[in-house]
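Asker: One letter stands for each residue in the lines below.
2 protein chains.
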Amino acid sequence: MTGSLVIVGTGPGKADLMTPATAAALERATDLVGYGPYLDRVAVTRADQCRHASDNRVELDRARHALSLAAAGRQVVVVSGGDPGVFAMASAIFEAVETGDAAWRTLDIRVEPGVTAMLAAAAEVGAPLGGDFCAISLSDNLKAWATVERRLRAAAEADFVIALYNPASKARPHQLGQAFDLLRSIRSADTPVLFVRAAGTAESKVVTTTLAAADGALADMRTLVIVGASTTRRVGRWVYTPRREAGARP
Amino acid sequence: MTGSLVIVGTGPGKADLMTPATAAALERATDLVGYGPYLDRVAVTRADQCRHASDNRVELDRARHALSLAAAGRQVVVVSGGDPGVFAMASAIFEAVETGDAAWRTLDIRVEPGVTAMLAAAAEVGAPLGGDFCAISLSDNLKAWATVERRLRAAAEADFVIALYNPASKARPHQLGQAFDLLRSIRSADTPVLFVRAAGTAESKVVTTTLAAADGALADMRTLVIVGASTTRRVGRWVYTPRREAGARP
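Those protein sequences? They're chains A and B, same order as listed.
Heads up, the first sequence is in the numbering used here, so the first residue is 1 and it goes up one at a time.
Heads up, the second sequence is in the numbering used here, so the first residue is 1001 and it goes up one at a time.
Misleading hints may appear alongside valid ones.
Straight-line C-alpha distance at most 20 Å; calculated EDC-like pairs for lysine to aspartate or glutamate [what the hints assert, rightly or not]:
#1 Lys1205(B) to Asp108(A)
#2 Lys14(A) to Asp1220(B)
#3 Lys1205(B) to Glu1027(B)
#4 Lys170(A) to Glu157(A)
#5 Lys1205(B) to Asp1181(B)
#6 Lys1014(B) to Asp55(A)
#7 Lys14(A) to Glu1027(B)
#8 Lys205(A) to Asp1220(B)
#9 Lys1014(B) to Glu1203(B)
#10 Lys1014(B) to Glu27(A)
#11 Lys170(A) to Asp220(A)
Covered, in the sense of this in silico footprint (three residues per stretch, anywhere, with C-beta under 8 Å from a C-beta of chain B), are these stretches of chain A [to be verified]:
#12 20-29
#13 96-105
#14 145-152
#15 166-177
Think of the hints as simulated: they come from the structure by calculation, not from any bench.
All C-beta atoms in this analysis are idealised placements derived from N, C-alpha and C, irrespective of residue type, glycine included.
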């Protein structure tokens, strides 16, 4: 039987935020490959399905393992959280294809899109991503911190809304504070800043504050941080960014 | 009975890319409000459901109409394509709340996240959004063209992957070409550029080219354009952006 590989994201966490296309791919799989906590979100529906759980830090190894299973004829699904193409496994799979066995290039590979964390976080607080926006991973495991700072500065100066993925971890407790310091040198003190923890799950929690008051210690691995643009505003408990900027033609 | 308002996105088009949470909200609604083509994607499941279709250019009027229906006790769902918070209706709803009837601030309002076009487009071609990225609407209906140019320049200089929403319309046929000209002055000629038309639908079509060869005439209202970062690369028919940048610590 010919193998296949589908790269999916489970969405932010709640079962009803996973797309039916992803649920169907999971149902058909003979083998699931992914970081343990993401695999744990997937209900067991077939006794004959193999689960290959791994640590979060070994993405390329995991990608190669998934590809070798597919090459051996298995129906493999690689499981990320959120959307698999946003700071997740899809990129690692294609890197493994490029650098690995030439036969992997002819495999049946497909990516299923999903609801990424910033969309779930935005929905919890209103519409903060209503204008132009960017997504930056604060982790410097895979890039230089100078690159992160360069992108933060460019985004702040050009007045993008900024979504920060991976804002903090035990190994990187101080980077979010450094990012806020940099942003405070460019953006207004009253810029809305949102900490959304566990967005799109039953335990979600929102803190709405300002850039002046934003404390990096409020974030952990499960937090998505959104820093508003100059137009981002509060209305009651909601925060939104108008699509129209001041000075646009009527 | 107390009214409510839920703002949803149908996803890119295919029914199996709409979240179950959105499908459930649509099922419960007494009134659907939205741009006609988006409403047409929603299957009729209840004979007693009112559909209020409108033109695409009257977002604030549509928002006020939806809010007044909810204030009158109806269970209203406002329907966008994609994700409702990304260049769609959620922002208009909160703007209408801020500028409208004070009673609207106490309404039961909820936003359901969805799969936005750039995620569906990225999934069709691999993992081009694998690194830091930004989303820019090229429309200057709601902002000055100078703002668009400023953000394009900043994003290109800071080496973001760039997703371009609303790249062209009959009224704006030349802006994408201008955007490519600007990007060519900053980014390498061999930067991958992707035109994904009708991503996440049965009619999707991908054109993969380079910044040197990119022709703005290839895009229309249904096209999502992705311009790679310096690290974005092709492998076979796929395009991906590695998470690791050159020079990152091992």
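Asker: A separate judgement is required for each hint: does it hold in the structure or not?
Answerer: Results of checking the hints against the structure:
Of the supplied pair hints, the one linking lysine 1205(B) and aspartate 108(A) holds, its CA atoms being roughly 18 Å apart against a limit of 20 Å. Distance check on the hinted pair: lysine 14(A) and aspartate 1220(B) sit about 35 Å apart at the alpha-carbon level, beyond 20 Å; violated. A distance of roughly 31 Å separates the Cα atoms of lysine 1205(B) and glutamate 1027(B); the hinted pair therefore is violated under the 20 Å criterion. Of the pairs offered as hints, the one joining lysine 170(A) and glutamate 157(A) is violated, with about 30 Å between alpha carbons and a cut-off of 20 Å exceeded.
Proximity of lysine 1205(B) to aspartate 1181(B) is assessed by CA-CA distance (about 24 Å); at most 20 Å being required, the pair is judged violated. Taking the CA atoms of lysine 1014(B) and aspartate 55(A), the gap is near 34 Å; set against the 20 Å cutoff, the hint is violated. Between lysine 14(A) and glutamate 1027(B), the direct Cα distance comes to roughly 19 Å. Compliance with the 20 Å bound is thereby established for this hinted pair. Note on lysine 205(A) and aspartate 1220(B): the hinted pairing is violated, with a Cα-Cα distance of about 40 Å set against a maximum of 20 Å.
In summary, the hint linking lysine 1014(B) to glutamate 1203(B) is supported, as the alpha carbons are separated by about 10 Å, within the 20 Å threshold. Restraint check for lysine 1014(B) and glutamate 27(A): satisfied, since their Cα atoms lie roughly 19 Å apart, inside the 20 Å limit. Under the criterion of a C-alpha separation no larger than 20 Å, the hint pairing lysine 170(A) with aspartate 220(A) is consistent with the structure, at around 8 Å. For the segment 20-29 of chain A, the stated coverage by chain B holds: 3 residues have a C-beta nearer than 8 Å to a C-beta of that chain, and at least 3 were required.
Remark: the segment 96-105 of chain A is confirmed as covered by chain B, as 3 of its residues place a Cβ nearer than 8 Å to a Cβ of that chain, reaching the required three. For the segment 145-152 of chain A, the proposed coverage by chain B is satisfied: 3 residues have a C-beta within less than 8 Å of a C-beta in that chain, meeting the threshold of three. Check result for the segment 166-177 of chain A against chain B: violated, 0 residues qualifying (beta carbon to beta carbon below 8 Å, three or more required).
Checked against the numbered hints given earlier, the structure breaks hints 2, 3, 4, 5, 6, 8 and 15 and satisfies all the rest.
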